[in-house]
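One line per chain: the protein sequences are A and B, in this order.
Each step along the first sequence adds one to the number in the numbering used here, with nothing skipped, and position 385 is 767.
Each step along the second sequence adds one to the number in the numbering used here, with nothing skipped, and position 407 is 789.
Everything labelled a hint here was simulated from the structure, so no lab data went into it.
Cβ coordinates follow ideal geometry from the N, Cα and C atoms, glycine included.
On the chain B side, residues computed to face chain A include the following (Cβ under 7 Å):
{"no.": "1", "residue": "Thr419"}
{"no.": "2", "residue": "Leu438"}
{"no.": "3", "residue": "Asn472"}
{"no.": "4", "residue": "His478"}
{"no.": "5", "residue": "Ser507"}
{"no.": "6", "residue": "Phe670"}
{"no.": "7", "residue": "Ser678"}
{"no.": "8", "residue": "Ala824"}
{"no.": "9", "residue": "Arg858"}
{"no.": "10", "residue": "Asp871"}
{"no.": "11", "residue": "Ala874"}
There are 2 protein chains.
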Amino acid sequence: MTTAPAPHPAPTRNGARTLLHALVGAGVDVCFANPGTSEMYAVAALDDEPGMRGILCLFEGVATGAADGYGRMTGRPACTLLHTGPGLANGLANLHNARRARTPLVNVVGDHARFHKPYDSPLESDIEGFADPVSGWVRRVRDARALAAETAEAVARARDGQVTTLIVPADLTWESAAPTAAYAAEEPAGGTAVLAGAEAAARALGSGEPAAILLGGAATRARGLRAAARIAAATGARLLCESFPARLERGGGLPVAERLAYLPESADAQLAGVRHLVLAGAASPVTFFGYPGRSSDLVPEGCEVHPLDGPTVQALEALADALAPHIPVPVPPAPARPVPPAPARPTLPTGPLTAATAGAAIGALLPEAAIVVDEANTSGLHLHAATAGAPRHDWLTLTGGAIGQGLPVATGAAVACPDRPVVCLEADGSAMYTLQALWTQAREQLNVTTVVFDNAAYAILGLELRKAAPDAATPRAGALLDLSSPRLDFVALAEGMGVPAARATTAEEFTALLRRALTEPGPFLIDCVVPSAV
Amino acid sequence: MTTAPAPHPAPTRNGARTLLHALVGAGVDVCFANPGTSEMYAVAALDDEPGMRGILCLFEGVATGAADGYGRMTGRPACTLLHTGPGLANGLANLHNARRARTPLVNVVGDHARFHKPYDSPLESDIEGFADPVSGWVRRVRDARALAAETAEAVARARDGQVTTLIVPADLTWESAAPTAAYAAEEPAGGTAVLAGAEAAARALGSGEPAAILLGGAATRARGLRAAARIAAATGARLLCESFPARLERGGGLPVAERLAYLPESADAQLAGVRHLVLAGAASPVTFFGYPGRSSDLVPEGCEVHPLDGPTVQALEALADALAPHIPVPVPPAPARPVPPAPARPTLPTGPLTAATAGAAIGALLPEAAIVVDEANTSGLHLHAATAGAPRHDWLTLTGGAIGQGLPVATGAAVACPDRPVVCLEADGSAMYTLQALWTQAREQLNVTTVVFDNAAYAILGLELRKAAPDAATPRAGALLDLSSPRLDFVALAEGMGVPAARATTAEEFTALLRRALTEPGPFLIDCVVPSAV
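So here's chain A without its partners, still in its complex pose (with noise of 0.2 Å):
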């Protein structure tokens, strides 16, 4: 049971002052917002609501990926403001990577009044029909008087780990409503784990058969990492995560889980041999795309799959002193195969610049408690060996494969941790999808360095189409994919919005680009010219 804080005095307080007080009060203090006028007097009533900070942002799937950067690294929701259905629908590609990661976040979207509903006026549409599919709460406010409680609630389920979606008609906003009502929120379990459930997985993991445990959801943090390197100090098994974890903590002498590939053949190569894998907060390994000839099950033929049930981190940590009762935290190296050392981090490069090099430049220099945001896209295969030695950091990354989530996420994650250094490694097709981010992060003047891998192509797509396409010349279809025609200047459209920025073409420019951006506050961009990795 969670008691709201007093209430204003009820008579001077509109839907809207109402509708932000809740928020508020069920500790959401930012809003991502676009709005319009069907969501003018909740604008209005920020001035009478100082608890709630209102960040403007210049498209819809900015905001909404903002809030899940916001979510992912404090673990609460931020709202975001949208204007009606096709507003809402702007926002949606990163909702669906909202809902992919499990990230709390409370959407509070703006409708026509009610009376003015049946007239099918222009804006008029299908709010619920485009909130559903990527909403796991959904609820319109039917009346003024449940305006405080549903926006209780809404924020209560969000933290459940997903997105939810509230519904204001305009005119709830601007009549009188009820004062913020308590809302009874369920407490979440308890944390007194147990090994029940599984039994299998430790019997499993005690077999001495080659075994990976899978890491995934609330597992890819410090806490999951420790238990799992305990598990595999004491079997031998293998650490691996999911391909795009919400937030993977590493670096600075974590425990390494090495990441899945997302190109199956590489994927296929890392299981293959696995006799027993458990999945820890993961889902079992399925191929991104279905592929002519080949499974979309990755799991390897013969291979036992072991889900552990409950909250995850319990249940490994359940798991690790059943299995490995005397082995501490810190991890000594394993008894049943060699720890490898710790990983080094690269030299500065020098020569070339290319998605290898600046790879090297950004493992070399990657700051103490950095914020990671990786759209790298095929620019990226090298980012995370690179990167393993560094000092302690999170690793965001691209839960839903929606792309044009890299910028917002990164622009979310620096409003929440305001005395941390953001870096955001983008692929130039993504980039382009929500470059309007760079413009609030230089409005906010947020810590925020972006790289942009510039190959002028959409390189993954040209890996597709070889593989579609083997043995015929396809020029018509690979100008479809191609970027440079004409060559999109990176440093242009990040001044144009305000954003400090840079080219390198050498690796010896972006390092020194690099350690200028990470020295000065707010935002920063370098275009780093690179050949295709692919």
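Using the hints, position chain B against chain A.
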């Protein structure tokens, strides 16, 4: 009954080639594309189907908006090629606008292979859920043998003036498919218009009481305008047209229909005193939003509404034949009330650059056969009057209220009509939604002159905020409508995407740049720095 062209030899054709062949066979020869892996066989098939022109867009909202512009100008559908649910989601806002414009448009949305669907891989989503709110017809292809026929049906249904969405699983594109099948298209209803159902309208118009005809849909084209003008000349009825016509033909002496104002107070004034309102292809007029204390219905009290049934243009012509049998085309001055003299073109302005002086320059210089795309919002208040005396042109508006339509629609209109100059009049805030359209304009060397009315604000929302909070100081709310910190540099943004651009700060500079842009081929952007017009 339409007959498909002779199929290629079936054994060599996979589903992707069948798809493109069926599209081309049904008359679709332009594809605005932002494909991904699941569409790669369709992309590869472009090299086997020279009749289909693929045009790459850097964001799906550009692709769908361009298809809208293309469909409005040609009367037949272009297709889009979009990547699974999130790709479609990014295009939904402009599909909402296309739905409101009743534009023929076919979305081809790739999905995972059927065998891959059960694995819930990251991009898995509810594509039908996203498509339904904007589509008049949605079909998921379930069998390669049905692909050709269902593609043909998607095109035929779109030709009825709606958005259709065909969802194509990837495996159907790589499997071999049956050759293109003939599709039994329904014949459109015949052209034998009668006065049936229009008797009430005829009586009302002949009554001598104050009457107005509100034109929309097909009636805003030349033929409908001429029929309506004959009626007006005979009866004294006023000619109005809906606030946001999909395509209004005007200028060069065409009869003038006054656009119903966006702001409710202005629309009230336009309709005051009207006793009979005849609806010709338009819905009964309503306010765009609902507001406290006023009705959403714009029909004045005591006014009778008379909708015309059936094909609108034919109904208007039948009405004209009945009411004005002796009035020929072109329409002479009306006996019942004086016809205003043909509007004059403004003189070239000098001095400060404002929305009004920029409008005067556009009115003075708009070339013959121009296609004007109008998303100028508050800065566009003067534009319609200023261009009333211009040579014959088309005027395309924001039909669904989902901003971010202008640049994409201009792009598609320029592809549709390569011999006509396109002038895109664009608000700064709206421009930032789908600015990526500029890159496609540069790549395809489209003859589009974009004027960005750069007042550094969501000015229209400032107007609404003053209504919502008339008596309060709202610095925090006001900040959320302000685009001046940092100021967007539209010259840098355009040049960053390969479109030459320049800034105008005086009327003389603007006039010189506009002359230059209209004279030179290819795209050009003018950053037109103006104070807020409201």
